[in-house]
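Novice: Top line first, the protein sequences correspond to chains A, B and C. With the numbering used here, letter number 27 in the first sequence gets 27, and the count goes up by one each step, no holes. Count along the second sequence starting at 1, add 1000, and that's the number in the numbering used here. Count along the third sequence starting at 1, add 2000, and that's the number in the numbering used here.
Treat the hints as calculated values from the structure; they're not laboratory data. Where a beta carbon is used, it is the ideal one built from N, C-alpha and C, also for glycine. Heads up, a few of these hints could be off.
[Unchecked claim] Sample of chain B residues facing chain C (criterion: CB under 10 angstroms; computed from the structure):
#: 1; residue: Leu1135
#: 2; residue: Gly1166
#: 3; residue: Ser1176
[As the list claims (entries may be wrong)] Incomplete in silico selection of chain A near chain B, CB under 7 angstroms:
#: 4; residue: Met1
#: 5; residue: Gly4
#: 6; residue: Met12
#: 7; residue: Gly13
#: 8; residue: Trp20
#: 9; residue: Leu24
#: 10; residue: Leu27
#: 11; residue: Arg39
#: 12; residue: Lys41
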Amino acid sequence: MNWGSWENFLAMGGYGLYVWGSYLVTLVLMVVELGLLARRKSNAIGRIR
Amino acid sequence: MSINWFKYSSPQTFFPLAGRLALGFGALAVLACAAGLYLGFFVAPTDAQQGESYRIIFIHVPAAWMSMFLYVVMAFWAGLGLAFNTRLSGMMASAIAPTGALFTFIALWTGSLWGKPAWGTWWVWDARLTSELILLFLYFGFMALQAAIDDPRRADKAGALLALVGVVNVPIIYFSVKWWNTLHQGASVSLTKAPTMAATMLAGMLVMSFAFWFYSIAAVLLRARCIMLERERSSDWAAQYARGAA
Amino acid sequence: MVAALRCVIVRDLRLAARRSSDVMTVVLFFVIVVSLFPLGIGAEPKLLRTVAPGVLWVAALLASMLALGRMFAADHADGTLEQMMLGATPLGLVVAARVFAHWLVSGLPLVLISPVLALQFDLSQELLGVVVLSLALGTPVLSLIGAIGAALTLGLRGAGTLLSLLVLPLYVPVLIIGAGAAEAAASGLGGHAQLLLLGAMLIFAGAFAPWAAAVALRISVE
Chain A
1 MNWGSWENFL AMGGYGLYVW GSYLVTLVLM VVELGLLARR KSNAIGRIR
Chain B
1001 MSINWFKYSS PQTFFPLAGR LALGFGALAV LACAAGLYLG FFVAPTDAQQ
1051 GESYRIIFIH VPAAWMSMFL YVVMAFWAGL GLAFNTRLSG MMASAIAPTG
1101 ALFTFIALWT GSLWGKPAWG TWWVWDARLT SELILLFLYF GFMALQAAID
1151 DPRRADKAGA LLALVGVVNV PIIYFSVKWW NTLHQGASVS LTKAPTMAAT
1201 MLAGMLVMSF AFWFYSIAAV LLRARCIMLE RERSSDWAAQ YARGAA
Chain C
2001 MVAALRCVIV RDLRLAARRS SDVMTVVLFF VIVVSLFPLG IGAEPKLLRT
2051 VAPGVLWVAA LLASMLALGR MFAADHADGT LEQMMLGATP LGLVVAARVF
2101 AHWLVSGLPL VLISPVLALQ FDLSQELLGV VVLSLALGTP VLSLIGAIGA
2151 ALTLGLRGAG TLLSLLVLPL YVPVLIIGAG AAEAAASGLG GHAQLLLLGA
2201 MLIFAGAFAP WAAAVALRIS VE
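Same shape as in the complex, but just chain A (with noise of 0.2 angstroms):
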């Protein structure tokens, strides 16, 4: 699939802001709970201590 250009990439044939809102949402959902494991696990250790 040759895009051609940045610009096609991101503009997704015009449905950019759905495909894109898609991707980044889950995206920073994962993280976000990636990060919000890792306090857990310190506070986990610090109640320990």
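Using the hints, position chains B and C against chain A.
Specialist: Here is chains B and C on its own, set in the frame of chain A:
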């Protein structure tokens, strides 16, 4: 040689194994995700009817599959814990719920963003989307029940019963919603039935499913480790680990 | 054993008779919710006739959910529940008897008053029959499923709202089939299929829900 099946059924032995597994599956997830996204964006062609908006499918369908799969796995661990009264099974079930809820939300969010360009509305009462919404409520109910009970053992068992009742109901809910949907809508709007799915599209979806699956395993194992540290905080091995982690 | 179950039912009915406000609250809630809908969506007769079965069903569902908290809470508070669990009668049967009494007090009045409320929506005769029958079959299912939720949330803080959150997803199929019966009858297909399905749900729930609720009670009390 006899296999000791129960070696890892104690938090103490499972904790380090879970850490190693989480790392391994996390790495696999990144690789699979890279492969899947490459397939999805650079190999799969443009769809004739939906243009580029269909590319949301590479997240929407895997997320929906994971949301249902994780619920069944959660019910499995819950049932195991209820039957054999093992602590770790209950911890696994509790660890799975938030990740399952996350994927359910992603499925709903991406479904909504896909529906807008495809059907013009942000929400369609499609049988699958409606069932996903109810599945989200099932996850939230499980998490809320466990949060409301202080005693961890009672929380495990109560959540387990709820998860088992829920898993029995999921097919009933799906079929009743499907029936309701076909009665009310003439044309069947199914977000996942592309009449002819190019092999590359299917491949991209499958690889992304594996990516999400590996991610789920990693996230659930990490959360299970946190739960183990929280619940077993008065034990020796936890104290040793905390000292070591300083 | 039958004597023990009859004892449970009679006791529950007697207690409900003493606190008749509980029964009246549920029925009044049902009446008020149903009366609110025309105020909210407009009084156009054709619209009201179309939404009547759904409105009656949703209101009955909400009203019976209101009553669920009462099912085990009072006995749990004064220790009677532990006595029942220690007794010779299987707990599942005791729960079944309790749910039956609960339905007689919280579900059956809704079924009986629904024809009167249907008048507000100008529902036709045969449709009215289908709606009443669907409620008669459906409200026991709601009580049975609700018993599991009530047993799980016994004694918890915020039990009322938590109970609703737990039980609503499980109520959805009953609502869809129940309200669908009248809709199918209205469109000429006849509501037989949905009513039969409701009957099947009732049998299934009647067989499994008391047992599940008994397990939940043991989890909550121990």
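Novice: Hint by hint, say whether it matches the structure.
Specialist: Evaluated hints:
For the restraint placing B/Leu1135 at the interface with chain C, the shortest Cβ-Cβ distance is roughly 8 angstroms, inside the 10 angstroms limit, so the hint holds. A least Cβ separation of about 7 angstroms between B/Gly1166 and chain C falls short of the 10 angstroms threshold, and the interface hint therefore holds. Against a cut-off of 10 angstroms between C-beta atoms, the interface hint on B/Ser1176 holds, since the closest Cβ of chain C lies about 4 angstroms away. The beta carbon of A/Met1 comes within 5 angstroms of a beta carbon in chain B, closer than 7 angstroms, and the hint placing it at the interface holds.
The beta carbon of A/Gly4 is not positioned within 7 angstroms of any beta carbon in chain B (closest approach about 12 angstroms), and the interface hint is therefore violated. Checking A/Met12 against chain B by beta carbon gives a least distance of about 4 angstroms; that is within 7 angstroms, so the hint holds. Of the supplied interface hints, the one on A/Gly13 holds, with its beta-carbon coming within about 4 angstroms of a beta-carbon of chain B, less than 7 angstroms. Given the 7 angstroms rule on beta carbons, the hint for A/Trp20 is violated: about 10 angstroms separates it from the nearest Cβ of chain B.
Here the hint on A/Leu24 is broken, as its CB sits about 11 angstroms from the closest CB of chain B, past 7 angstroms. The beta carbon of A/Leu27 is not positioned within 7 angstroms of any beta carbon in chain B (closest approach about 10 angstroms), and the interface hint is therefore violated. With 7 angstroms as the threshold, the beta carbon of A/Arg39 stays out of range of chain B, its nearest partner Cβ sitting at about 9 angstroms, so the hint is violated. Below 7 angstroms, beta-carbon pairs count as interface contacts, and A/Lys41 has one with chain B at about 5 angstroms; its hint therefore holds.
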